[in-house]
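Q: Going line by line, the protein sequences match chains A and B. Position 2, counted from 1, in the first sequence is what full-length UniProt numbering calls 2; the numbers after and before it change by one each time, with no gaps. Position 50, counted from 1, in the second sequence is what full-length UniProt numbering calls 50; the numbers after and before it change by one each time, with no gaps.
These are calculated hints, taken from the structure and not from any lab test. Keep in mind that a hint or two might mislead.
Chain copies aren't distinguished; within one or between two, either way the pair holds.
As the list claims (entries may be wrong) - In the EDC-like style, the derived pairs of lysine to aspartate or glutamate whose C-alpha atoms are separated by at most 16 Å in a straight line are:
{"hint": "1", "residue 1": "Lys90", "residue 2": "Asp107"}
{"hint": "2", "residue 1": "Lys90", "residue 2": "Glu74"}
{"hint": "3", "residue 1": "Lys90", "residue 2": "Glu105"}
{"hint": "4", "residue 1": "Lys113", "residue 2": "Glu74"}
Chain by chain, the residues:
2 protein chains.
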Amino acid sequence: MQNSPKKPATIEDVARLAGVSIATVSRAISKPEKVADSTRKKVNAAIARTGYTANAMAQNLRRQRSHMVLVLAESISDPNFPGVLTGLEKVANARGYGVLIGNTEGDVAVEEKYLRFLSTGMADGLILLTGHLPVAGWPDNSKSLIPPTVAAATPIEHANISYVCTDDQSAARVATEYLMSLGHRRIVYVAGPKGSILSERRLKGYCDALAQASEPISIWKVDGDGTSLGGRAAVERLFIRDTLPTAFFCFNDNTAIGVIGALQDRGIDVPRDMSVLGFDDIPFANNITPSLTTIRQPRSQIGEYAMTALLDRLAQPATPVQTSELHGDLIVRNSCAGVKT
Amino acid sequence: MQNSPKKPATIEDVARLAGVSIATVSRAISKPEKVADSTRKKVNAAIARTGYTANAMAQNLRRQRSHMVLVLAESISDPNFPGVLTGLEKVANARGYGVLIGNTEGDVAVEEKYLRFLSTGMADGLILLTGHLPVAGWPDNSKSLIPPTVAAATPIEHANISYVCTDDQSAARVATEYLMSLGHRRIVYVAGPKGSILSERRLKGYCDALAQASEPISIWKVDGDGTSLGGRAAVERLFIRDTLPTAFFCFNDNTAIGVIGALQDRGIDVPRDMSVLGFDDIPFANNITPSLTTIRQPRSQIGEYAMTALLDRLAQPATPVQTSELHGDLIVRNSCAGVKT
DNA sequence: CTATTTTATGTAAAGGTTTTCATTGCTGTA
DNA sequence: TACAGCAATGAAAACCTTTACATAAAATAG
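My request is simple: use the sequences and hints to build the entire structure.
A: Next comes the structure, spelled out in structure tokens:
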């Protein structure tokens, strides 16, 4: 109720009001059992009266910890991002950490800026959603100290970096097997961006499934770029040929949506005439017509695991680098059907 | 090239190496013109050799500024969020500020947690994307100091808070006029969530347009909730009645997508039989069939304006509270057509 | 009742900057 | 020649905590 003071209260104000030393106030807050009941009560009363909150910067400076984690993302518009971030935030908050987001848009200069930021000590750890090291050779030949790092959603193979992502290969195998179980034999894989590790991993699963078939089925891969436009373009290129596939397994849902759109434009009914299967289970997968059969990435879980791995490492630097591949479920909706006889 | 040191270099290390005092090092960095050329060169060399980066916490403590802004969002999955955030980040980064994101999911406890966080001084300012004050009565009856605040995307009417958002009313009027120009006279407004300020603002614009018509057109409003399911439900309820609308103006694109889906399920062709118009121009608006005619919210611009307003206020506390309503464009695609004769 | 341990508190250093103020050595003017 | 003014630098205070160490008082053991 006091008229708002110009300056926020410091620990010294509290100490004076409570008639104790600042050390006692500090202890009353952080190690209450170390302080006498009566004093603790006085201190708490003083805190309440002054509206005191400890200055985080002073704490951080003293403790040499910022209790912040930097998340570097290629693009926050990526439909997978919100889910992963939710998971990241959930465990970060639970453990008293804040989450800082850096949106790089693939710009190396921006990445470097965030790296410098990191070296100012404003963050204790780094989560990479970019799928690559911030700068070539980092951290090995970097002058500055680098903090614990974990890659999420897209794996990064590096001795010093844990990663957690979907088990793309198994999931892609399951997806392809599902199409095969519907009778499809001409299944095309619409790939992701050139050089995408994720696309390679999914391609492998697709090949695995094909290899297991009783009769031989040949691998059929066309290029894409992970966007719906890329999906459309893939369809256009395919229709120049004589033989057409009966099913599409797409690198991701965006691609699948483009494929479906292009097929519909050509008067082809999905799933009656052709089947389309995606990957990701983005929020919109259920909103298009036909609703999309796809693999669900456990986004939130990926975030939770990644942050847990990072914070464990922060708390206990000796914790070994570990990688987890999480299971992705096949979500059956209406974009796949039995092959036309 | 030196073997990585256990501890990061401090300003003292640099000073020793350069043979000057720490004050000079500090000046050489922040006010280069205040220091002799020869010394500056020595200092820079020392900085390069040590790989020194100033400890941000110590700087912040001393300067009483964290150079961080907290962005409180209801949900980072909101399709408008990435665009706004991009704008926010753009100007924040350009002006040396970091952006911290708090995802409240509408949980008051979480909001309060972030508010406490704010009062620790870890952020200098607050951007509210939530559409409401963090806690009832805040900041008026709050004990703790509250930092400069601006609301973005959803206006908050408060004497102490600037806001920047789309000029919903004008945009909604333009949208409705467009439908009228196509010959529609039975236009239904599918509202947003109960009590949504945004929905009210758009409703007003819709009414404005109707009021201007040469012949009287009656207002027709049905409930929705801002989701595609809400849109579907609205259609179901509508089809119990005798008279049907010829056009839908929807609170947002998600609603519109639900409406289109429900209409298609009933065998109604959009736009031949009925027209549907959305609001937002979310990334997916172009990916559905038919592609969605809608109002584009200038998301990135909203973010830029909001952050500019906040940082201006931070730099110059006397800057008056100001509100901006930005123009939203009508994006004509394929979900609206002339009324059937 | 003394000697020892335990408990509660205070003092002061440390954490890494920025910035005010004081000092030194010049340059140029009277 | 002396002095004002200026440029370059350094010493030290301030920012606000946490915590190691010291001290005093109280409890326990012998």
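Q: Compare the structure with each hint and give your call.
A: Each hint, compared with the structure:
1. When the C-alpha separation of Lys90 and Asp107 is checked against a cutoff of 16 Å, the pair qualifies only between copies, where the shortest distance is 13 Å, while the shortest distance within a copy is 28 Å.
2. In the homo-oligomer, the alpha carbons of Lys90 and Glu74 lie at most 16 Å apart only across protomers (15 Å), although the nearest pairing inside one protomer, at 21 Å, exceeds that limit.
3. Taking the shortest alpha-carbon separations for Lys90 and Glu105, only the inter-copy value of 11 Å comes in at or below 16 Å, while the best intra-copy value is 24 Å.
4. With identical chains, the CA atoms of Lys113 and Glu74 are at most 16 Å apart within one copy only, with a shortest distance of 14 Å there and 28 Å across copies.
Checked against the numbered hints above, the structure breaks none of them.
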